[in-house]
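S.K.: One letter stands for each residue in the lines below.
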Amino acid sequence: MSKADKNYDSDKSESEDEQQNGRVSNKGRKSDDNEGYTWEGEYQRSWDIVQEDAEGSLIGVIAGLINAGKRKRLLRDTTPLRRGIIRHMVLVLDLSSAMEERDFHHKRFELQIKYAVEFVMEYFEQNPISQLSIIGVKDGIAQRISDLHGNPQSHIQKLKSLRECNGSFSLQNALEMARASLSHIASHGTREVLIIFGSIFSSDPGDIFRTVDALVSDQIRVQIVGLAAEVAICREICDRTNSSSTNAYGVVLSEQHFRELLMESTIPPATNSSKTADSSLVMMGFPSKVIEQLPSLCTCHSLPSRGGFHCPRCRAKVCTLPIECPSCKLVLILSTHLARSYHHLFPLKNWIDLPWSAKPTSSHCFACQVPFPKASEASDQDQAASSMRFECPSCKLHFCIDCDIFAHEQLHECFGCQCSDN
Amino acid sequence: MEDFSTLKQPTGAWEASEEASDTPSLLVVILDANPASWYSLSKRIPVSKVLADINVFLNAHLAFHHDNRVAVLASHYNKVEYLYPKPETEETVPLLDSAKEANTYRKFREVDDFVLTGMRRLMHSTSSISKKTLMSGALSRALAYINQVQNQKYIRSRIVIFSLTGDVALQYIPTMNCIFCAQKKNIPISICNIAGGTLFLEQAADATGGIYLKVDNPNGLLQHLMMTLFPDQNLRKHLNTPNQANVDFRATCFCHKNVLDIGFVCSVCLSIYCEPREFCSTCQTKFTPSTLSKRKFS
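One line per chain: the protein sequences are A and B, in this order. Taking the numbering used here, I'd label the letters of the first sequence as residues 3 to 424. Taking the numbering used here, I'd label the letters of the second sequence as residues 51 to 348.
Calculated directly from the structure, the hints in this document are not laboratory data. Quick caveat, the model's predicted, so the values are computed rather than measured. Do not rely on the hints blindly, as some may be mistaken.
Straight-line C-alpha distance at most 25 Å; calculated DMTMM-like pairs for lysine to aspartate or glutamate [to be verified]: (1) B:Lys264 x A:Glu294; (2) A:Lys291 x B:Asp311; (3) A:Lys319 x B:Asp298; (4) B:Lys203 x A:Asp404; (5) A:Lys291 x B:Glu252; (6) B:Lys235 x A:Glu411; (7) A:Lys291 x B:Glu325; (8) B:Lys235 x A:Glu262; (9) B:Lys182 x A:Asp423; (10) B:Lys136 x A:Glu393; (11) A:Lys331 x B:Glu325; (12) A:Lys398 x B:Glu131; (13) B:Lys234 x A:Glu127; (14) B:Lys129 x A:Glu393; (15) B:Lys234 x A:Glu262; (16) A:Lys331 x B:Glu328; (17) B:Lys235 x A:Glu127; (18) B:Lys129 x A:Asp404; (19) A:Lys351 x B:Glu131; (20) A:Lys376 x B:Glu131; (21) B:Lys234 x A:Glu124; (22) A:Lys319 x B:Glu252; (23) A:Lys319 x B:Asp256; (24) B:Lys129 x A:Asp423; (25) B:Lys234 x A:Glu120; (26) A:Lys291 x B:Asp256; (27) A:Lys319 x B:Asp311.
Chain A residues, not near chain B, derived (Cβ > 10 Å throughout) [unchecked claim]: (28) Asp50; (29) Phe106; (30) Lys109; (31) Glu112; (32) Tyr117; (33) His151; (34) Asn168; (35) Ser170; (36) Arg212; (37) Thr213; (38) Val253; (39) Gln258; (40) Asn274.
Beta carbons are placed, not taken as given, at the ideal position from N, Cα and C, and that holds for glycine.
Generate coordinates for the entire structure from the input sequences, incorporating the hints supplied.
M.R.: Written out as structure tokens, the structure is:
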């Protein structure tokens with residue numbers, strides 16, 4: 003009887019413990035809701051997610067995790083917004099001693115240069131008629147690394163020749179130099195500054211809030227990518243200069259996140275509704291290619307070549323496009339350069355992930371012919387789970403997840419809508 | 051020591067060429083199946099002869115390396131179909147001529163049968179005459195197929211288009227998107243233009259590093275194919291391939307469809323006009339007169 007009592011007691015104490023644990027964890031979550039810190043709540047056991055199936059293998063679980071990762075691809079807002087296509091951006095690099103830290107792969111400085119090179123290439127690919135200038139801040143002084151122009155190769159060469167980091171960072175000097183570079187830009191182009199901010203302080207010669215006021219009146223938008231921690235002045239600058247969005251300031255969590263934050267800036271920004279008065283017709287030239295018998299010098303680099311493009315207004319020969327004609331300052335482009343920006347203006351709609359409850363009948367992906375998983379006969383199949391079929395709302399055809407990612411990130415076209423006669 | 055360095059060089063070149071010829075490649079062929087264009091071609095040369103030449107070209111690609119793969123798409127005026135490979139649920143196509151079956155290599159037989167019966171089926175199923183073809187749809191499906199194959203294991207790929215019909219203006223933006231995607235993935239798009247003329251596909255070949263071949267006399271089609279379009283990217287640098295001297299990249303204005311040297315581009319929607327105007331017809335933006343007055347077109 004005493005044993006039974008003991009058992010009974012121990013059972014009761016277990017249930018009490020569970021209740022107490024439940025209460026503790028509830029309290030932890032509640033304090034999270036009330037702006038508590040994550041270390042004050044219950045700890046999370048991330049290894050519980052991975053569970054073995056009946057035979058003790060992990061294959062199905064791993065495949066499920068990979069698919070869940072693919073589906074978590076950012077579903078961007080696909081409303082066609084008015085965007086600034088002709089962009090003028092100043093990239094500010096941090097060359098202060100804070101970049102000598104080794105918390106990223108080798109040093110922060112090397113990672114910054116590597117991602118800056120990738121950023122330059124992606125920026126000119128997505129925005130071929132735009133221009134970029136690069137500024138570096140070292141020893142509290144801002145130095146111009148490359149001028150505002152549209153040739154990616156010379157930017158990359160200058161980036162690769164940077165060597166050392168020293169001194170402290172100065173936000174005000176960087177912003178003032180950027181403002182001076184962007185002051186003569188016509189109103190139909192965007193004016194942007196992207197700062198990579200590795201330290202947590204800034205040594206400024208004067209009142210930075212005056213600089214921020216000047217930036218706002220010049221309609222310059224500033225985006226900052228922080229590498230260390232969130233700094234209040236950066237938040238202030240980004241919120242005041244970007245009146246429409248609050249995610250202009252980001253602090254990196256990992257190397258991958260750093261790259262993602264940088265690449266977000268390659269997408270043309272949405273224009274404010276107040277800026278519609280600034281749109282205008284820009285005169286541009288569309289030269290045709292010529293091949294000559296004898297080599298001649300090009301006006302842009304003074305290098306001999308046997309072919310090139312003739313400016314339609316002044317007949318000067320240039321060797322690469324897009325470029326501003328060195329003689330008459332006409333913007334020379336090919337129609338393909340304009341076509342590169344169309345997918346920003348007419349984005350592809352997101353596709354709907356079909357659950358099993360929609361009873362889909364398709365057997366193969368329309369685009370690549372990969373077979374879809376069949377509906378199993380068992381009645382306990384989760385009706386709300388995804389059937390790995392993605393439907394386009396316009397043409398109602400089904401695609402697999404790889405084609406979904408391919409269409410939305412690389413091709414920007416729906417295969418089904420293009421293959422139907424409408 | 052200098053003598054030894056010259057001995058090293060030939061082995062280096064040998065290794066490089068061996069690597070180039072040992073890797074398999076994927077060829078995706080897009081056939082323009084617009085029946086009206088084939089009919090006008092049949093006045094010059096029978097359709098069966100042209101299809102036979104194309105089949106020999108496909109077989110030669112398969113014969114070049116054991117792991118070479120091929121895929122064929124047909125672009126009709128209202129749909130795009132995979133002729134080869136067919137998904138398993140479709141009924142297997144009956145063989146055309148059983149007498150030849152025993153002596154032909156099985157892979158060649160499959161491809162030939164599927165292509166010929168598929169084209170025949172498409173031609174018979176035509177219900178109306180139309181002058182267009184869904185080239186952008188076929189290109190996008192070809193790119194999806196290549197993407198899916200490359201996800202499993204990387205294989206060098208290229209696309210060859212047999213075009214007979216002209217351009218469809220509405221397909222300009224989708225075709226451009228496909229071209230930029232192929233450029234990024236290093237997939238050359240080569241064009242064999244048997245009849246008609248097409249401007250978008252010329253730009254495609256130029257932008258992706260492919261070859262644009264205009265065939266004047268379809269009787270010699272096989273010769274053209276084997277000499278020019280058959281070698282893939284690695285072998286092309288050792289051969290003299292035809293290049294395009296005069297690709298016309300000039301734009302046409304949205305209002306009159308004139309070809310322009312100098313145009314006015316709306317900064318919001320990128321539509322091109324031949325003369326300054328007060329508002330953009332595509333996006334309804336009003337242009338301020340102060341900026342317009344500076345734009346005197348001399």
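S.K.: Does each hint fit the structure? Answer for all of them.
M.R.: Cross-check of the supplied hints:
1. B:Lys264 x A:Glu294: 23 Å, holds
2. A:Lys291 x B:Asp311: The hint holds at about 12 Å.
3. A:Lys319 x B:Asp298: 17 Å, holds
4. B:Lys203 x A:Asp404: Holds, because 14 Å separates the two Cα atoms, which is no more than 25 Å.
5. A:Lys291 x B:Glu252: 14 Å, holds
6. B:Lys235 x A:Glu411: It holds: about 13 Å lies between the C-alpha atoms, which stays within 25 Å.
7. A:Lys291 x B:Glu325: Roughly 24 Å separates the two Cα atoms, so the pair holds.
8. B:Lys235 x A:Glu262: Answer holds: Lys235 (chain B) to Glu262 (chain A) is near 20 Å, not above 25 Å.
9. B:Lys182 x A:Asp423: 10 Å, holds
10. B:Lys136 x A:Glu393: Holds, at roughly 22 Å.
11. A:Lys331 x B:Glu325: 19 Å, holds
12. A:Lys398 x B:Glu131: 17 Å, holds
13. B:Lys234 x A:Glu127: 10 Å, holds
14. B:Lys129 x A:Glu393: 18 Å, holds
15. B:Lys234 x A:Glu262: The given pair, whose Cα atoms are some 19 Å apart, holds under the 25 Å limit.
16. A:Lys331 x B:Glu328: Answer holds: Lys331 (chain A) to Glu328 (chain B) is near 24 Å, not above 25 Å.
17. B:Lys235 x A:Glu127: 14 Å, holds
18. B:Lys129 x A:Asp404: 22 Å, holds
19. A:Lys351 x B:Glu131: Answer holds: Lys351 (chain A) to Glu131 (chain B) is near 24 Å, not above 25 Å.
20. A:Lys376 x B:Glu131: 23 Å, holds
21. B:Lys234 x A:Glu124: OK: Lys234 (chain B) and Glu124 (chain A) at ~11 Å, within 25 Å.
22. A:Lys319 x B:Glu252: Measuring from Cα to Cα gives roughly 23 Å; hence the hint holds.
23. A:Lys319 x B:Asp256: 20 Å, holds
24. B:Lys129 x A:Asp423: Holds. Lys129 (chain B) to Asp423 (chain A) sits at ~7 Å (cutoff 25 Å).
25. B:Lys234 x A:Glu120: Satisfied, since the Cα-Cα distance of roughly 14 Å is no more than 25 Å.
26. A:Lys291 x B:Asp256: Holds: Lys291 (chain A) and Asp256 (chain B) sit about 12 Å apart, inside 25 Å.
27. A:Lys319 x B:Asp311: Within the cut-off at roughly 15 Å; holds.
28. Asp50: Since the minimum Cβ distance to chain B is about 30 Å, Asp50 (chain A) lies beyond 10 Å and the statement holds.
29. Phe106: Answer for Phe106 (chain A): holds, closest chain B Cβ roughly 27 Å.
30. Lys109: 30 Å, holds
31. Glu112: 26 Å, holds
32. Tyr117: 19 Å, holds
33. His151: Its Cβ never comes within 10 Å of chain B, the nearest being 19 Å, so this holds.
34. Asn168: For Asn168 (chain A), whose nearest Cβ neighbour in chain B is about 38 Å away, the distance exceeds 10 Å, so it holds.
35. Ser170: 39 Å, holds
36. Arg212: 30 Å, holds
37. Thr213: At about 28 Å from chain B, Thr213 (chain A) clears the 10 Å cut-off, so the statement holds.
38. Val253: Given that every Cβ of chain B is farther than 10 Å from that of Val253 (chain A), nearest at about 30 Å, it holds.
39. Gln258: Nearest chain B Cβ is 20 Å from Gln258 (chain A), so the label holds.
40. Asn274: It holds; Asn274 (chain A) is separated from chain B by about 13 Å at its closest Cβ, greater than 10 Å.
Checked against the numbered hints above, the structure breaks none of them.
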